[in-house]
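Chains as they are written, first to last, in this note's numbering: chain A, 1 to 589; chain B, 1 to 245.
Be aware that one or more of the hints could be misleading.
As the list claims (entries may be wrong) - Once the Cα atoms are required to be at most 16 Å apart in a straight line, the calculated EDC-like pairs of lysine to aspartate or glutamate come out as: (1) B/Lys-172 x B/Asp-68; (2) A/Lys-500 x A/Glu-111; (3) B/Lys-138 x B/Glu-93; (4) B/Lys-138 x B/Glu-121; (5) B/Lys-138 x B/Asp-81; (6) B/Lys-138 x B/Asp-87; (7) B/Lys-138 x B/Asp-128; (8) B/Lys-14 x A/Glu-495; (9) B/Lys-172 x B/Glu-196; (10) B/Lys-138 x B/Asp-164; (11) A/Lys-500 x B/Asp-87; (12) B/Lys-138 x B/Glu-82; (13) A/Lys-345 x A/Asp-325; (14) B/Lys-88 x B/Asp-127; (15) B/Lys-88 x A/Glu-111; (16) B/Lys-88 x A/Glu-33; (17) B/Lys-138 x A/Glu-111; (18) B/Lys-209 x B/Asp-19; (19) B/Lys-88 x A/Glu-132; (20) B/Lys-88 x B/Glu-28; (21) A/Lys-304 x B/Asp-64; (22) B/Lys-172 x B/Glu-200; (23) B/Lys-138 x B/Asp-127; (24) B/Lys-88 x B/Glu-121; (25) B/Lys-138 x B/Glu-158; (26) A/Lys-304 x B/Asp-68; (27) B/Lys-88 x A/Glu-495.
Stated by the list, open to error - Pairwise CB distance ranges, derived in the manner of DEER restraints: (28) A/Asp-429 x B/Thr-215: 56 to 62 Å; (29) A/His-427 x B/Tyr-11: 38 to 44 Å; (30) B/Asp-173 x A/His-131: 41 to 47 Å; (31) A/Ser-47 x B/Arg-166: 41 to 47 Å.
Claimed, not checked - Derived, one-sided and incomplete: chain B residues facing chain A with beta-carbon distance under 7 Å: (32) Pro-35; (33) Val-48; (34) Leu-50; (35) Leu-51; (36) His-73; (37) Leu-74; (38) Tyr-78; (39) Lys-88; (40) Asp-100.
To be clear, the hints were calculated from the coordinates, so they are not data collected in a lab. Think of the CB as a built atom: it goes at the ideal place given N, C-alpha and C, for glycine as much as any other residue.
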Amino acid sequence: MISRATPRSVGRLLSLDEESRLFFRLRITLAWETVGVMIAGARLRLSLVVLLSCLFWAALYGLFVEAFSFLDSLHADVVPLLFNAFFSSLMVMLVFSMAILLYSGLYCSAEARLLLTLPVRAEAIFAHKFHESMWFASWGFVLLGSPMLVAYGVVRESAWTYFVLILPFMLAFVTIPAAVGGIACMALVGWLPRLRLHALSLGITGAAIVVLWLGWSFMSQPRLDAMSAAWFDKTFARLAVTEQKLFPSWWLSSGLLEAARTDDDGRLVSPGLSEAVKFLALLVANALVLQLTATWLARAAYRKGYSHLAGEVPARRRHRAGWLDSLLLGSGTGVRRPLRLLLVKDLRIFRRDISQWSQFLIFFGLLGLYFVNLGSFNYHNTYASMIGFLNLAVVGLILSTFTTRFVYPMISMEGRRFWILGLLPVHRDQIVWSKFLFSFVGGLLPCAMLVLLSDSMLGLSWRLIAQHEYCCLLLCLGLSGIAVGLGAWMPELRESSPAKISAGFGGTLCLVLSSLFIMVVVVVAALPNHMFLLSRALGPTVIAPDGLLAWAGGPWGTALSLVIISAVALAATIAPLRTGLLAFRRLEV
Amino acid sequence: MIEFDHVTRTYGAKTAVSDLSLAIPRGELFALLGPNGAGKTTSIKILVGLLHPSRGTVRICGHDVVADPRAAHLHVAYVPDEPYLYDKLTGREFLQFIADMFGMPRHLARDRIDREVDCFELTEFLDDLAESYSLGMKQRLVFAAALLHDPDVLVLDEPMVGLDPRSVRIVKDLLAARTREGMTVFMSTHTLAMAEEMAERIGIMVRGKLRFLGTVMELREQFALEATSLEQLYLELTSPGGSKP
Chain A
1 MISRATPRSV
11 GRLLSLDEES
21 RLFFRLRITL
31 AWETVGVMIA
41 GARLRLSLVV
51 LLSCLFWAAL
61 YGLFVEAFSF
71 LDSLHADVVP
81 LLFNAFFSSL
91 MVMLVFSMAI
101 LLYSGLYCSA
111 EARLLLTLPV
121 RAEAIFAHKF
131 HESMWFASWG
141 FVLLGSPMLV
151 AYGVVRESAW
161 TYFVLILPFM
171 LAFVTIPAAV
181 GGIACMALVG
191 WLPRLRLHAL
201 SLGITGAAIV
211 VLWLGWSFMS
221 QPRLDAMSAA
231 WFDKTFARLA
241 VTEQKLFPSW
251 WLSSGLLEAA
261 RTDDDGRLVS
271 PGLSEAVKFL
281 ALLVANALVL
291 QLTATWLARA
301 AYRKGYSHLA
311 GEVPARRRHR
321 AGWLDSLLLG
331 SGTGVRRPLR
341 LLLVKDLRIF
351 RRDISQWSQF
361 LIFFGLLGLY
371 FVNLGSFNYH
381 NTYASMIGFL
391 NLAVVGLILS
401 TFTTRFVYPM
411 ISMEGRRFWI
421 LGLLPVHRDQ
431 IVWSKFLFSF
441 VGGLLPCAML
451 VLLSDSMLGL
461 SWRLIAQHEY
471 CCLLLCLGLS
481 GIAVGLGAWM
491 PELRESSPAK
501 ISAGFGGTLC
511 LVLSSLFIMV
521 VVVVAALPNH
531 MFLLSRALGP
541 TVIAPDGLLA
551 WAGGPWGTAL
561 SLVIISAVAL
571 AATIAPLRTG
581 LLAFRRLEV
Chain B
1 MIEFDHVTRT
11 YGAKTAVSDL
21 SLAIPRGELF
31 ALLGPNGAGK
41 TTSIKILVGL
51 LHPSRGTVRI
61 CGHDVVADPR
71 AAHLHVAYVP
81 DEPYLYDKLT
91 GREFLQFIAD
101 MFGMPRHLAR
111 DRIDREVDCF
121 ELTEFLDDLA
131 ESYSLGMKQR
141 LVFAAALLHD
151 PDVLVLDEPM
161 VGLDPRSVRI
171 VKDLLAARTR
181 EGMTVFMSTH
191 TLAMAEEMAE
201 RIGIMVRGKL
211 RFLGTVMELR
221 EQFALEATSL
231 EQLYLELTSP
241 GGSKP
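Sequences are here, hints too, so could you generate the full structure?
Pasting the structure below:
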């Protein structure tokens, strides 16, 4: 036994406050340096991203103003229902998103390895990674949610207090699912490390059963006329699950709706404000309690969980190729073999990366569920057609989140393996093309099926279904082109986290460009159809049969719109890909 | 200063470290040798608190690294084989961050940073972002950061990877000087010549067990092969059907 020697270290243990301040300073310094590097080295890119983000925000704001004006004319309970549905979906997504981000940040990152060897509390490390992950997980919510909430306040002519309260409400709300995700992540790793894969499999199987059951129950119900009183009643009853009073999403919706209330003269209603403050207090109190719980859990379980996970032995894989791999490798001539080999490699990485395919399944599964649900209503042609195009836009937007989150970082992620690829007899172009093909084919199959499902449930004509499928094809082409092209144009070869790459500068640009592209394609494609329905609804006395509006709604108008969206999609595919290919050829590693 | 007490660590059915008992006193430079997969890195990770032992305890300056990790970490510094730096921090900012983590007063931190910057010749790139550093620069900066608070125990995992010959010399001289002042060094390495040159005692691990513990001279005596090089002894000891002392 060694006697305790006189220590020579000049260090001392910090208080929790000092640790928190230190991590806060670290985050500020890192953010400051990142912005400084951008301003110094890529002013044009930065300006472009800021400009496009503003445009995107403004476009969303305009869209929401129109939507809320329209909804106000319908049913009084539509907006609360929509708020509840939106925020409850977001709550579920944030829980998953935070759990995945924290898993990677707390247990798999080199930074965590460094911090765990320093004399710092486990809960301080958790808090540091928690705040970082919360920012990565919720910036999309801020980008989408803020124009929606501001637009609602403007349409309802709310008092200034509503606009002031938006940010505290959003912050308090986001903290709750974020903390739940963190607690779930640490509990699963800390106490059930071996069960986490089983838990995930069980979760996915359970979700699949629920989806099938719901699908069956919706399909077996009688069809109702859309926008009728019965339709509203049915829809409200179905979405009542999102209006549970114990859900933080309900507190958020109710609080915001109360804060937006004004009297007939547009003056602030005092009871509304006090109710809003109560809901805000409820959100803040719960956010704090969950944060405290997560902190306590981090103290008890983080180091232990890290050790458990680091000690796990990955299951040995038998050396055998999957049927899809064999099909890809065995098809075609030897000329394109390197391209196919690269595709097979990406396919294997995708299959083995649980964070990729689980999110893919969850998002497209939820969308599929919603589309199946559409089948239980009868629609007027106008609504059916409009909903069909909106669904097409939603499919595109979901795909764009995947191309931004997973496809855009693919070239950057090759950075650490570049010495292998660089030495192989493979032209650099083939690396870029393989990513493009992977994204295009991988996106097209589920998207085309979802669009077909949506249109079939809406009872659309084959002509419209064909048009939507063509738009879907163009969307997949363009979104893949934008993500791969930008990824090759501005790769971040030193960054190892795909989440950080996609949340960074180029990723934001990719998301903004993708969203603009989707909006242009869907609006231009929908316009002739809208004109056709408008001219039919208003009749020849209002819309002259030989006038421009009637022409736009006719076959020539449709043909022109198809030409325009084809040209836009080709430009969106070719321009970024070409730029990316040129930059990637010149790239020095 | 360092005490492994019957430490065992398993990975599933595999035992990575088996019943390791080892005591390293103040001011000793100890080198742990062994083939890949012998359990060296696992032992180091247990020592710095990244892994918890399945059985047994590890103490640094009397502090159990599992029960009281912060107190133990206050006395230890770790230089891993793959150093991590914040890409968007400059070298100076990183050193200041580490000094702050150890609660060093500003004036003392400034003095120590200047001392390590001079020692590891970091001035030229100290105010550049770490993302522009080569592996050798990163390694030198991590060494500087590790020594800022005068740790009682320095744990090194393959410390010379990426260092140029001049930097290797600097590190060797520094380790010799610091051990004379009372710092204990626990080093894992594949560089046998370095172990022979610097270590007072060596340990040779094979398949999770400590097959030999002592000086190079004692190793030779045990094998009764006076003229044999350390390399030959090492190969003999770590081969699948290797000799038993």
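Evaluation of the provided hints:
| no. | hint | verdict |
| --- | --- | --- |
| 1 | B/Lys-172 x B/Asp-68 | 31 Å, violated |
| 2 | A/Lys-500 x A/Glu-111 | 13 Å, holds |
| 3 | B/Lys-138 x B/Glu-93 | 14 Å, holds |
| 4 | B/Lys-138 x B/Glu-121 | 12 Å, holds |
| 5 | B/Lys-138 x B/Asp-81 | 11 Å, holds |
| 6 | B/Lys-138 x B/Asp-87 | 10 Å, holds |
| 7 | B/Lys-138 x B/Asp-128 | 12 Å, holds |
| 8 | B/Lys-14 x A/Glu-495 | 33 Å, violated |
| 9 | B/Lys-172 x B/Glu-196 | 12 Å, holds |
| 10 | B/Lys-138 x B/Asp-164 | 12 Å, holds |
| 11 | A/Lys-500 x B/Asp-87 | 13 Å, holds |
| 12 | B/Lys-138 x B/Glu-82 | 9 Å, holds |
| 13 | A/Lys-345 x A/Asp-325 | 9 Å, holds |
| 14 | B/Lys-88 x B/Asp-127 | 11 Å, holds |
| 15 | B/Lys-88 x A/Glu-111 | 13 Å, holds |
| 16 | B/Lys-88 x A/Glu-33 | 6 Å, holds |
| 17 | B/Lys-138 x A/Glu-111 | 14 Å, holds |
| 18 | B/Lys-209 x B/Asp-19 | 7 Å, holds |
| 19 | B/Lys-88 x A/Glu-132 | 15 Å, holds |
| 20 | B/Lys-88 x B/Glu-28 | 37 Å, violated |
| 21 | A/Lys-304 x B/Asp-64 | 14 Å, holds |
| 22 | B/Lys-172 x B/Glu-200 | 14 Å, holds |
| 23 | B/Lys-138 x B/Asp-127 | 13 Å, holds |
| 24 | B/Lys-88 x B/Glu-121 | 21 Å, violated |
| 25 | B/Lys-138 x B/Glu-158 | 14 Å, holds |
| 26 | A/Lys-304 x B/Asp-68 | 13 Å, holds |
| 27 | B/Lys-88 x A/Glu-495 | 11 Å, holds |
| 28 | A/Asp-429 x B/Thr-215: 56 to 62 Å | 59 Å, holds |
| 29 | A/His-427 x B/Tyr-11: 38 to 44 Å | 42 Å, holds |
| 30 | B/Asp-173 x A/His-131: 41 to 47 Å | 42 Å, holds |
| 31 | A/Ser-47 x B/Arg-166: 41 to 47 Å | 45 Å, holds |
| 32 | Pro-35 | 19 Å, violated |
| 33 | Val-48 | 5 Å, holds |
| 34 | Leu-50 | 6 Å, holds |
| 35 | Leu-51 | 5 Å, holds |
| 36 | His-73 | 4 Å, holds |
| 37 | Leu-74 | 4 Å, holds |
| 38 | Tyr-78 | 5 Å, holds |
| 39 | Lys-88 | 4 Å, holds |
| 40 | Asp-100 | 5 Å, holds |
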